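Student: Chains as they are written, first to last, in the numbering used here: chain A, 15 to 206; chain B, 15 to 206.
I should point out that these hints are in silico values taken from the structure, not numbers from a laboratory.
It is possible that part of the hints are untrue.
Copies of the same chain look alike in the list, so a pair counts if it fits in one copy or across any two.
[Stated by the list, open to error] Pairs of lysine to any residue residues, derived as SDA-like cross-links and limited to a Cα-Cα distance of at most 25 Å, are as follows: (1) K194 with M16; (2) K44 with K194; (3) K134 with E33; (4) K24 with G102; (5) K205 with V126; (6) K24 with A186; (7) K49 with F155; (8) K122 with N30.
This structure is a prediction, so every number in the text was calculated from the model and none was measured.
Protein chains: 2
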Amino acid sequence: MMNNFSNYAKEYIHLNDEEISLMLSVATEKKVRRKDMLLQAGEICRHKIFILGGMLRLFRTREDGSEHNMYFAPEHHWMTEPESLGNGTPTLYDIEALEDTHMLLWAKRDFVSLSVAIPKLKIYSENIIARNLAMTRERVFNTMSATVEERYEDFVRSYPDIFNRIPLHMVASYLGVSLKTLTRVRHAQVKR
Amino acid sequence: MMNNFSNYAKEYIHLNDEEISLMLSVATEKKVRRKDMLLQAGEICRHKIFILGGMLRLFRTREDGSEHNMYFAPEHHWMTEPESLGNGTPTLYDIEALEDTHMLLWAKRDFVSLSVAIPKLKIYSENIIARNLAMTRERVFNTMSATVEERYEDFVRSYPDIFNRIPLHMVASYLGVSLKTLTRVRHAQVKR
Numbered sequence: 015m016m017n018n019f020s021n022y023a024k025e026y027i028h029l030n031d032e033e034i035s036l037m038l039s040v041a042t043e044k045k046v047r048r049k050d051m052l053l054q055a056g057e058i059c060r061h062k063i064f065i066l067g068g069m070l071r072l073f074r075t076r077e078d079g080s081e082h083n084m085y086f087a088p089e090h091h092w093m094t095e096p097e098s099l100g101n102g103t104p105t106l107y108d109i110e111a112l113e114d115t116h117m118l119l120w121a122k123r124d125f126v127s128l129s130v131a132i133p134k135l136k137i138y139s140e141n142i143i144a145r146n147l148a149m150t151r152e153r154v155f156n157t158m159s160a161t162v163e164e165r166y167e168d169f170v171r172s173y174p175d176i177f178n179r180i181p182l183h184m185v186a187s188y189l190g191v192s193l194k195t196l197t198r199v200r201h202a203q204v205k206r
Numbered sequence: 015m016m017n018n019f020s021n022y023a024k025e026y027i028h029l030n031d032e033e034i035s036l037m038l039s040v041a042t043e044k045k046v047r048r049k050d051m052l053l054q055a056g057e058i059c060r061h062k063i064f065i066l067g068g069m070l071r072l073f074r075t076r077e078d079g080s081e082h083n084m085y086f087a088p089e090h091h092w093m094t095e096p097e098s099l100g101n102g103t104p105t106l107y108d109i110e111a112l113e114d115t116h117m118l119l120w121a122k123r124d125f126v127s128l129s130v131a132i133p134k135l136k137i138y139s140e141n142i143i144a145r146n147l148a149m150t151r152e153r154v155f156n157t158m159s160a161t162v163e164e165r166y167e168d169f170v171r172s173y174p175d176i177f178n179r180i181p182l183h184m185v186a187s188y189l190g191v192s193l194k195t196l197t198r199v200r201h202a203q204v205k206r
């Protein structure tokens, strides 16, 4: 499993063996079960997480108790709540395991030190937040411009490997539509 | 005007005089007129911009030619298109001056070098992207959960100093509502 991270770090962050060892030397390995919570609204997010296997979700709960899914992170993706992490302020979000999940965690202070020691990591980590911002802006744009059909297709494109692993009601909550509407859209697509 | 940046960098990034001089030594000063374009869809974003005076907007044009405003940056705010800047890929967005604007620009390579030399700047710049991501997630959440009234109030809270400087049809395009709907909402609020 740990080779997962080494291979990822070589291929995507272009780190050498020494840099990977340095990263692993301050990482904490953690396994959680499906439905375990890793962060709850009101707490302060203190880690960056790399997912070795499984899947996490970031969501926010409305005043009426319903949930809005914001982001799904399967294996070889990162998870954190960057605003709370950056400012040390209480988060509005929850992070929950959607499947049994195996991960690496870095404390904020350690990740900052690593980013100073390894400039490639600094650039890469800023790129990940930038990509998240771009995806989220795309969602704002689509929510205001596109049909539910187009938004579902965009979701499938954004999450090609995992959209079948996410319960349908959670996809609906990500898209901001009812389960009934989403079911209708999917049926119509199968028929085409 | 340049004192604007020094004061900002001291207060918000906690830089000392030497670090500020280092930043200014590789910055380019630029003045543009209202309606000048700084970035157009299809181009590659190559700078981080700090606004000394005036205001820029980031927007995206739909296939039907209508515009969707994504972000407004007045004096003492930053502007860039982080995905295009980070990956060197063509942007989907335009950046235009909403007012005559006076700014400082840093080329990507110089800003990366500065971030390595000044770790506080690296942390701060990641925080700004994180705050933008948080604001954009808030917009996704609000678009799916809140009424137009609540979304307008949220906009006024997000941009307390500048919402009166932004033309109403651009506020409507930011909120994804018609000008008519926004006018009705504002009249109702004045009456309360």
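Student: Up to 25 Å between alpha-carbons, please classify K134 paired with E33: within, between, both or neither.
Tutor: both (10 Å within a copy, 22 Å between copies)
Student: Checking an output row: K24 and A186, CA cutoff 25 Å. Within, between, both or neither?
Tutor: For K24 and A186, neither the intra-copy (36 Å) nor the inter-copy (46 Å) Cα distance is at most 25 Å.
Student: Between copies, within a copy, both or neither: which fits K122 and N30 at Cα up to 25 Å?
Tutor: both (22 Å within a copy, 24 Å between copies)
Student: Within, between, both or neither: how does the pair K24, G102 come out at a Cα-Cα threshold of 25 Å?
Tutor: For K24 and G102, the Cα distance is within 25 Å only across copies (20 Å; inside one copy 31 Å).
Student: How would you classify K44 and K194 at a CA-CA limit of 25 Å: within, between, both, or neither?
Tutor: Cα proximity of K44 and K194: none, with 37 Å in one copy and 53 Å across.
Student: Could you place K205 and V126 in one of the four classes (within, between, both, neither) given a Cα distance threshold of 25 Å?
Tutor: neither (51 Å within a copy, 50 Å between copies)
Student: Measure nothing new, just compare the shortest in-copy and cross-copy C-alpha distances for K194 and M16 to 25 Å and report within, between, both or neither.
Tutor: Neither. Shortest intra-copy (41 Å) and inter-copy (57 Å) distances fail the 25 Å Cα cut-off.
Student: Pop the pair K49 and F155 into one bin, within, between, both or neither, using alpha-carbon distances up to 25 Å.
Tutor: between (31 Å within a copy, 22 Å between copies)
The earlier numbered hints that this structure contradicts are 1, 2, 5 and 6.
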